[in-house]
Amino acid sequence: MLEWRRRREPSKAMLYLSPLIAIGLTMLTGMLVFGAIGYDGLRAVTAIFITPLIEPQRWADLGVKAAPLIMVALGLAIGFRANVWNIGAEGQYVMGAIAGTGVALLTHDMTGWWILPAMALGGILGGAAFAALPALLKVRLQVSEILTSLMLTYVAVQFLYYLVRGPWKDPDGFNFPQTKMFSASQTLPAVAEGSLVHVGVPLAILLALIAWFVMSKTVAGYAVRVVGRAPAAARHGGFDANRVTWAVLLAGGGLAGLAGLLEAAGPFGQLTPQFPVGYGFTAIIVAFLGRLSPVGIVFGALVLAVTYVGGEIAQSTVRLPSAATGMFQALLLFFLLATDVLVRWRLAWKTRPAKVAP
Amino acid sequence: MENAPGEGRAMTAAILVSIFMTLAAAATPILLASLGELVTEKAGVLNLGVEGMMLCGAVAGFAVAYSTGSIALGLIAATLAGVAAAMIFALLTLGLGSNQVATGLALTIFGIGASSLIGAGFVGRTITRLGPLFPADYAAHPWLRLVFGHDAIVYLSLALVLAVGLFLRRTKAGLILRAVGENADSAHAIGYRVLAIRTAATAFGGALAGLGGAYFSLALTPMWADRLTAGRGWIALALVVFAAWKPGRLLIGAYLFGAVATFELQAKAAGWSFIAPEVLAMTPYLATIVVLTMMSLGRRIGGRDAPACLGKPFPAS
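Heads up: the sequence lines are chains X and S, in that order.
Reminder that position 306 of the first sequence reads as 305 in this note's numbering, one-by-one numbering, no gaps.
All you need for this note's numbering is the position in the second sequence, starting with 1, plus 37.
Just chain X, same shape as in the assembly (with noise of 0.2 Å):
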């Protein structure tokens, strides 16, 4: 028989492969369902996580994908790690979008290395701006971030619907709900000549890195861990609770609220309805994928942007819904999250007490 042993200390080795083993149950959880309900599940599963990454002509798809997340997951992560709950990232990253939009809109006749600058300061404190009013309801008041920062999304998105419907329309869209096409200053430019991979991409990587700088090599990123997990030892070591809670609200803000910016200037080029994907709560699934650490979510970010690549080859393949990688996507959450008791405890095979010497 086996039983579950309690490990004395969380396994190394696990905090690792546990996201693997999740990936694999959630391959083979949805081979059995989406087979159950009448698709080819092997054919779907293969389509979803195998095709992206074998065919060359879908990396630079799964790179413009990956951007965002990454981004957004980078915020998120920083403030699970300090106990804080921001779970309105969706917000946050529409607001960031409108902001920047709104300085596009502004400069729109005008031409300049400059702009697109301008745009991403726009999105960074816009985003900021919108996880301000989270921040100050939980330090003076202790109102939960998770469902204020949550109610603001939807705030965020009915003001965006106004706004591409009413002030910001263009009169030229044949009544469309849309804004303006950026300019050609306004639009991210490719990495290289005629690539589909805009330079958000890059700097993706480059804020990862940063942001592993700062956690793990500076007394900031110190003070989040120590608040996150310890908040009693904190206040001792004289960290101040309520200003680590204030700078990662606000730098997760700002980063969603840069995505937002990159997005609506990259893929989009314009604002419309279609604008929130989701991408704020995919990248919690990101996070968690990757373990709250900024290199782990450059992985976890690739993994979410297979599935929604491969959900669309999927679409057209073996005609699975595109809501199948949304399920995709919760799977692999709860697969990740069952397989984290393997880090703290182990399968073992039963042992009879050991007799006691004669």
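The reader is advised that the hints may include incorrect statements.
Here are a few chain X residues that face chain S, going by a calculated C-beta distance under 7 Å [said to hold, decoys possible]:
{"id": "1", "residue": "Trp-84"}
{"id": "2", "residue": "Leu-140"}
{"id": "3", "residue": "Tyr-161"}
{"id": "4", "residue": "Phe-280"}
{"id": "5", "residue": "Pro-320"}
{"id": "6", "residue": "Ala-322"}
{"id": "7", "residue": "Gly-325"}
{"id": "8", "residue": "Ala-329"}
{"id": "9", "residue": "Asp-339"}
Only part of the chain S face toward chain X is listed, based on derived beta-carbon distances under 7 Å [stated by the list, open to error]:
{"id": "10", "residue": "Ser-135"}
{"id": "11", "residue": "Val-138"}
{"id": "12", "residue": "Ile-146"}
{"id": "13", "residue": "Ala-151"}
{"id": "14", "residue": "Trp-271"}
{"id": "15", "residue": "Ala-275"}
Hint data in this document are derived by calculation from the structure and do not stem from the laboratory.
Don't be surprised by glycine CBs; every beta carbon is placed ideally from N, CA and C.
The hints should help you fit chain S onto chain X, whose structure is shown.
Positioned in the frame of chain X, the structure of chain S alone reads:
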């Protein structure tokens, strides 16, 4: 032609009554979901997956009601779907000791995905909505409709508020449940099965969230649309905080929310052009933030409300 004065008054009464009926209907799903979550939280479990469980209930209820033609079967299926979703949560958090916040979020992401996948074939389909429990012509006495004109679920939700209130305050089982939420270690030491009690409370929360979700697809908007619950599950969570974990105040809170939602509908129907429809659509969420803030201001005077072990794993790891 002039209306007789009596006729005019009857018209006004009919309009007022219909506004109150809309209010009760808007309040009911959120009352059910938050009542379930209240019981779950009283046992010390923080399940943030209410929105996901509601969506599971909404889609299961609609699918079964559409296929069988029976609203009753739909409601049963929705309740079971809510329980099933809650059991995934219980398995992970109570069985495997995973983080409750993260697992609740996972449950919501799961509910959004699953409902969208199952509901894909039902988008735009309609059914005959759940009708009043006592169908009658209330033209002569429009005010009687306020008492007798609701559907069965409205009455059920009110009865459940009373039942849960009495259960928590007046029964031994309710006392044990609260003990488990206030001090799991002590409850365990006296010999109560903490995990079993928490699992049962989580299942109850799932059942009511599933039923509340089905109220959307079977009574409010008798058709299927993606993400039908539109964040109401999160508002239900906020409502538990607002109510300071007391069923009676939950009732007040849910009906206040119903009033906000009805105001939104009325303003839209009346075509108020000075408020953008998007601003009206924001009101429930903004109102929730305002209410949470006011609650927090009030609590500084009133002291702590939440169960002491809320969200803490057992056994502590």
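Now the hints, each set against the structure:
Contact between X:Trp-84 and chain S, as hinted, is supported at the beta carbon level, the nearest pair being about 6 Å apart and thus within 7 Å. Because the smallest distance between the Cβ of X:Leu-140 and any Cβ of chain S comes to about 4 Å, under 7 Å, the interface hint for this residue holds. A least Cβ separation of about 4 Å between X:Tyr-161 and chain S falls short of the 7 Å threshold, and the interface hint therefore holds. The beta carbon of X:Phe-280 is positioned within 7 Å of a beta carbon in chain S (closest approach about 6 Å), and the interface hint is therefore held.
The beta carbon of X:Pro-320 comes within 5 Å of a beta carbon in chain S, closer than 7 Å, and the hint placing it at the interface holds. This hint holds: X:Ala-322 has a C-beta 4 Å from the nearest C-beta of chain S, less than the 7 Å allowed. A distance limit of 7 Å between C-beta atoms decides the matter here; for X:Gly-325 the minimum to chain S is near 3 Å, and the interface restraint holds. For X:Ala-329, the suggested interface contact is upheld, since its CB lies about 4 Å from the closest CB of chain S, less than 7 Å.
With its C-beta approaching chain S no nearer than about 6 Å, X:Asp-339 sits inside the 7 Å limit, and its interface hint holds. A hinted interface residue such as S:Ser-135 counts as satisfied when its beta carbon comes closer than 7 Å to some beta carbon of chain X; here the least separation is about 4 Å, so the hint holds. A cut of 7 Å between beta carbons decides the hint on S:Val-138: the least distance to chain X is about 6 Å, and the hint holds. Look at S:Ile-146: its Cβ gets to within about 4 Å of chain X, closer than 7 Å, so that hint holds up.
Taking 7 Å as the C-beta cut-off, the interface hint given for S:Ala-151 holds, the closest approach to chain X being about 6 Å. The beta carbon of S:Trp-271 comes within 5 Å of a beta carbon in chain X, closer than 7 Å, and the hint placing it at the interface holds. A distance limit of 7 Å between C-beta atoms decides the matter here; for S:Ala-275 the minimum to chain X is near 5 Å, and the interface restraint holds.
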